[in-house]
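Top to bottom, those sequences are chains A and B. Position one of the first sequence corresponds to residue 1 (our numbering), numbered consecutively onward. Position one of the second sequence corresponds to residue 1001 (our numbering), numbered consecutively onward.
One or more of the hints may lead you astray.
In silico PhoX-like pairs for lysine-lysine, Cα to Cα no more than 25 Å straight-line [unchecked claim]: (1) A:Lys69 - A:Lys49; (2) B:Lys1057 - A:Lys99; (3) A:Lys71 - A:Lys58; (4) A:Lys99 - A:Lys111; (5) B:Lys1057 - A:Lys49; (6) A:Lys69 - A:Lys99.
Since the hints were derived computationally from the structure, they do not count as laboratory data.
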Amino acid sequence: AQSVSQHNHHVILSEAASLELGCNYSYGGTVNLFWYVQYPGQHLQLLLKYFSGDPLVKGIKGFEAEFIKSKFSFNLRKPSVQWSDTAEYFCAVGEGGFKTIFGAGTRLFVKA
Amino acid sequence: KAGVTQTPRYLIKTRGQQVTLSCSPISGHRSVSWYQQTPGQGLQFLFEYFSETQRNKGNFPGRFSGRQFSNSRSEMNVSTLELGDSALYLCASSSGDFLSGNTIYFGEGSWLTVV
């Protein structure tokens, strides 16, 4: 069965530190890839997505992610985090079977 | 344009009862998906509907069912509620077109507590 793995369940960083959240998936066919964010008390929002073209995609709030097909990975990065980035981050994979599968999520806490 | 709207936002039910949750997708979106979100399990895919047809479903028991109407609005139903059904139920809508990226957009969810 298709699956999405997020390597870290909890991450604690200080402001201005760099962030990289790992995501790997198991589906071997063509995929659409997403990162969603859920800020405390808010609903899930799209950070960025990849479905074709340049494998390095940029999203909102300075986030970017790189699709590496050979590694089945779609890691999320941000060079300098802010306290306001404290949230839960979900990697998701959409495959042709009309469903989008989510990873378990990574809770990021940024210390001011 | 308006986002995904879910009703009710909060509800409390007793074990053995049934519940129906409603979702209105973004205007023009024909695909509606449902997810169950719990602290321990993350987001679990329930099912996806497109033009009134269920195209895919997750690994949930038959007590979980759904449907989609001709105006793309969707409902999900859970019968014979169990304590473990307590969760946030999320509805998401999209164009349903995989080749164009098929981004799904979430509603705020319906918080269900089973007592």
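Now for the hints, and whether the structure bears them out:
no., hint, result
1, A:Lys69 - A:Lys49, "holds, 15 Å"
2, B:Lys1057 - A:Lys99, "holds, 8 Å"
3, A:Lys71 - A:Lys58, "holds, 20 Å"
4, A:Lys99 - A:Lys111, "violated, 36 Å"
5, B:Lys1057 - A:Lys49, "holds, 23 Å"
6, A:Lys69 - A:Lys99, "holds, 20 Å"
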